[in-house]
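Enquirer: Next come the chains, spelled out residue by residue.
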Amino acid sequence: MSCFVNRTLKRTKTQPAMPLANRSAARTLLAAGLLFFSACAVHAAPPDAAPVILIRNATLLTVSHGTIEHGSVLIRDGKIAAVGQKIEAPAGAQVIDATGQFLMPGIIDCHSHIAIEGGVNEGSVSVSSIADVAEVIDPDDMDIYYDLAGGVTSSNILHGSANAIGGQTILIKLRWGQPADRLPFEGALPGIKFALGENPKRSNFSFPGAPKRYPATRMGVEEVIRAAFTEARDYKKKLDDYNRRLKAGEKDLIAPRTDLRLEPLVEVLEGKRYVHAHSYRADEIVMLLRVAREFGFKVRTFQHVLEGYKVADEIAASGASASTFSDWWGYKMEAYDAIPYNAALMTHRGVLVSINSDSGQEAAHLNQEAAKTMKYGGLSEEEALKLITLNPAIQLGVEKRVGSIDPGKDADLVLFNHHPLSAYAVAQMTFIDGRIYFDRQRDIAGRATLQKEKDALIEKEKKVAAAKEKSAEKKPEEKKSDEKPKPSSAGSAKGGAQ
Amino acid sequence: MSVTKRHGNPLVLALGGIFFAIFAIFAIFAIFAAVPQAAAQGGEPSSFAIRGARVVAVSGPILEEATVVVSRGMIVAVGKDAAIPSEAWIIDGKGLTVYPGLIDGLTDVALLSAGVAPGRLAAEISPAHAPQPAASGPEDRPGATPWRSAADEATLSDKRIESWREAGFTTVVAAPKDGIFPGQAAVLNLAGDRPGGMVVKGAVAVPLSLNPVGSFRSFPGSLMGVLGYVHQVWLDTEWYKQASAGYAKNPRGQARPAYDRSEAVLQQALDSKALVLIPANNSVQIRRALALAERWKVRAVLYGGQMGYETAGEIAAKKIPVLVNLQWPEKSKDADPDEPPTLRVLRFRDRAPSAPAALARAGVKFAFYSGAISAPKDILKAARKAVDAGLAEDAALRALTLSPAEIFGVADRLGSIEAGKIANLIVADGSLFAEKTKIKIVFVDGRKFEIRETPKPAEPTKNGPTGEKPAEEFALPMAGGAQ
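Listed in order, the protein sequences are those of chains A and B. Residue numbers for the first sequence follow the numbering used here, so the first one is 1 and each next one is one higher. Residue numbers for the second sequence follow the numbering used here, so the first one is 1 and each next one is one higher.
Because the hints were derived from the structure by calculation, they are not lab data. Where hints are given, some of them may not hold.
Said to hold, decoys possible - Each computed PhoX-like pair below joins lysine-lysine, with the alpha-carbon atoms no more than 20 Å apart:
| id | chain 1 | residue 1 | chain 2 | residue 2 |
| --- | --- | --- | --- | --- |
| 1 | B | Lys333 | A | Lys463 |
| 2 | B | Lys381 | B | Lys331 |
| 3 | A | Lys460 | B | Lys333 |
| 4 | A | Lys470 | B | Lys319 |
| 5 | B | Lys241 | A | Lys474 |
| 6 | A | Lys236 | A | Lys298 |
| 7 | A | Lys463 | B | Lys249 |
| 8 | A | Lys468 | B | Lys241 |
| 9 | A | Lys460 | B | Lys436 |
| 10 | B | Lys241 | A | Lys251 |
| 11 | A | Lys462 | B | Lys241 |
Stated by the list, open to error - Going by beta-carbon spacing under 10 Å, a handful of chain A positions derived as facing chain B:
| id | residue |
| --- | --- |
| 12 | Gln94 |
| 13 | Val95 |
| 14 | Ile116 |
| 15 | Gly119 |
| 16 | Ser128 |
| 17 | Ala134 |
| 18 | Gln168 |
| 19 | Asp181 |
| 20 | Ala255 |
| 21 | Thr258 |
| 22 | Val291 |
| 23 | Lys298 |
| 24 | Ile339 |
| 25 | Ile444 |
| 26 | Ala448 |
| 27 | Glu453 |
Glycine residues also receive a C-beta, built at the ideal position from the N, C-alpha and C atoms.
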């Protein structure tokens, strides 16, 4: 799957439908059904403000330093204050008895398109870096809540893959119920989406009557990127020259025009913005590495990167990383060579790998996606868990804040009723910054109240509509006169003016 | 209500009851028949005194049994003992209430381009209607026609003018539609001899839309694309100002800044402190718009505002006024019964009319606008819903009179009943917010329009056996003549 295809299916009906892999469909339905009631709900409920929480007697999957049986985690001021087997609850602390349950770091989805208002793609142009996803974050998108219910705490919100250089991207925390400006992950570097291959060259669809947009080939995609960075380099030089001359005391200089399309590319050149490159084939992956080397920037992540296993050494050597699917393949030509061993093979060759969702529904069971790498490629439990926690944290430059259960890190945690790599695992509670943003029991308990409110509002609307109809029947003449022209009054009303 | 000259025929004074009424009707018809001559001789009465009425000035306390004197388009006196000039026509205000004329805070009523179907004619009027080539970036300025001016596009031929007036609206803030920078809004009075006479103030605001004008093949095709585009246009406008000044001082050896009509026009608008109207209806949009206003450093006004019940405090903190759309969200008529709306949508529909009350409590300056309401009688009904949801009646009235005048910088001439202001008035037989109240007279620029009870209309004769022309065609030349 590509983010492009996926969003096309979800958001618009005008695009040709592409076959969705069956595997996720059933699970998607299940998840949707499970959370149907919460879907209409819970929104404005503020997360519990609990400065001190002790989660007691859980199996702690720290990811960074093994498993701790009968462990406890103390949360204070939104951070993990202590991790161990013998932690006493401070006075006034909220104690959560997690006997028989599994606590792991909050899941980080390195490729998501949830919570975007007004279009995932600015698909009109081949370089859409002027568009910034951060500006259109929709904190009311139900997908945020669905993903929380699957244990996700942070999502890398990406622009779609319609263009060689796409829009600016942002890492958010799923702080459901908070306004949009409270969602961004503080201090995380912003990113930009690149896309290679079939989507930017528009192999798989066309617009009737419209000329084909450049580029139409993989060569063209490369050229678009090179041209854009050449422009960005010139732009940066112009800015630098201007500043130098200004400093030298020259007067009445005309400042270069600020170009919001090129500014993010300058940031890439200066290492202030991550490149997340949607890619499939080995040749195009190597192509982008070559272009990046030429212009002196880094590719932070290759996204999807389904043929990454063929060029794992090249990816590892470049310092880039890979964020892929577990086992989705064959849905278009460039996805034919995908194999479920991809994540494991790349991991074995020293590539930093994560498993992503590219889908608001798939994100709700990323733990199961990660588990597949144990079957396909033989990763260990901890390696598998890293694919959805510490590894994406490193890829997104926030590993000092999240990704493992260690004192000092943000208390972004998820409590499962079974081992999260088991097919039976269901998330019970999701914490962000030490606050409970999802509580399965509370969700279930609240459904009746919300349904009642919903029914009452529907009933109220029906009553108002009925009353309206009744009054309309009562005064049919008056209504008529509103609608009809007024032959005699038209004159007299005007006549008054004379 | 009666209309007569103060020192008129003594017979009139002697006549009472039914006779009087009959005479009045005859008098009106007589005057009406004499229109061309009367107008040519300047015979249209220009002085009126509404005597003994309840006067809701909006800017001050309510006066009982007071007199409002109108002369040559202006309010010249208000009060219990206001002197009535000898030439004034007297209107007996007993049992009647005088209000300032209502202002529709944002509409396209009275604009030439409004309601014109896209096509050749429309394209001539409004370039935004013309088929556009695909835009490949902000530099192509898609959906930008900021030079269009509501003052220039004002027309008296919009049929809605009369119906808006009959609903009590004497003034509209009219804004061109279509595109992201559709043009510039103007304050227009809903009467005049020539379109130019309607203009109270031109270029009061630059309305914005954030709807993509493009698609998957033309920029911008997404909300984030629109936002990037608008940022770029403001930056370019600022740059153009500085670059052209810099070039004028020192042209030698410097590249000449290219002329751009949008940049030049927007720079002028910003220099004259024109308001920028930003669409923002739900809380996400409202919060985003507040941030945009800060980023753009413009004098912003939000329009929409229907989820103000959640965000009033935040709006108040930024001291940004709001135009509240009176077309409340409703269940769509063709809503799928099998797909019930979400709770959030249901709550929104339920609570939207409480937004004005919340804004008022938080101290936000707000005005009402008609939105997409097509029957003007529904505008006051919708305002009444806000009153039912907790808004004080005087606050609702203010949002239809003085507040929009203040927001758009015309409170020195409109929005309340004060000596010296433009004589835009309505005379009603009760409270404006009472369901049975009828508006009897509307004054626009001191010109009197009587609103008549509509007699039961005759059955339409369009397809009648006699082949008579339908009634409305008879009405047309009269309507034209009166204007």
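Enquirer: Would you mind marking each hint as holding or not holding in the structure?
Expert: Status of each hint after checking the structure:
no.	hint	verdict
1	Lys333(B) with Lys463(A)	holds, 15 Å
2	Lys381(B) with Lys331(B)	holds, 18 Å
3	Lys460(A) with Lys333(B)	holds, 16 Å
4	Lys470(A) with Lys319(B)	violated, 43 Å
5	Lys241(B) with Lys474(A)	violated, 63 Å
6	Lys236(A) with Lys298(A)	holds, 18 Å
7	Lys463(A) with Lys249(B)	violated, 71 Å
8	Lys468(A) with Lys241(B)	violated, 56 Å
9	Lys460(A) with Lys436(B)	violated, 25 Å
10	Lys241(B) with Lys251(A)	holds, 16 Å
11	Lys462(A) with Lys241(B)	violated, 56 Å
12	Gln94	violated, 28 Å
13	Val95	violated, 32 Å
14	Ile116	holds, 8 Å
15	Gly119	holds, 3 Å
16	Ser128	holds, 7 Å
17	Ala134	holds, 9 Å
18	Gln168	holds, 8 Å
19	Asp181	holds, 7 Å
20	Ala255	holds, 7 Å
21	Thr258	holds, 5 Å
22	Val291	violated, 22 Å
23	Lys298	violated, 24 Å
24	Ile339	violated, 32 Å
25	Ile444	violated, 16 Å
26	Ala448	violated, 13 Å
27	Glu453	holds, 7 Å
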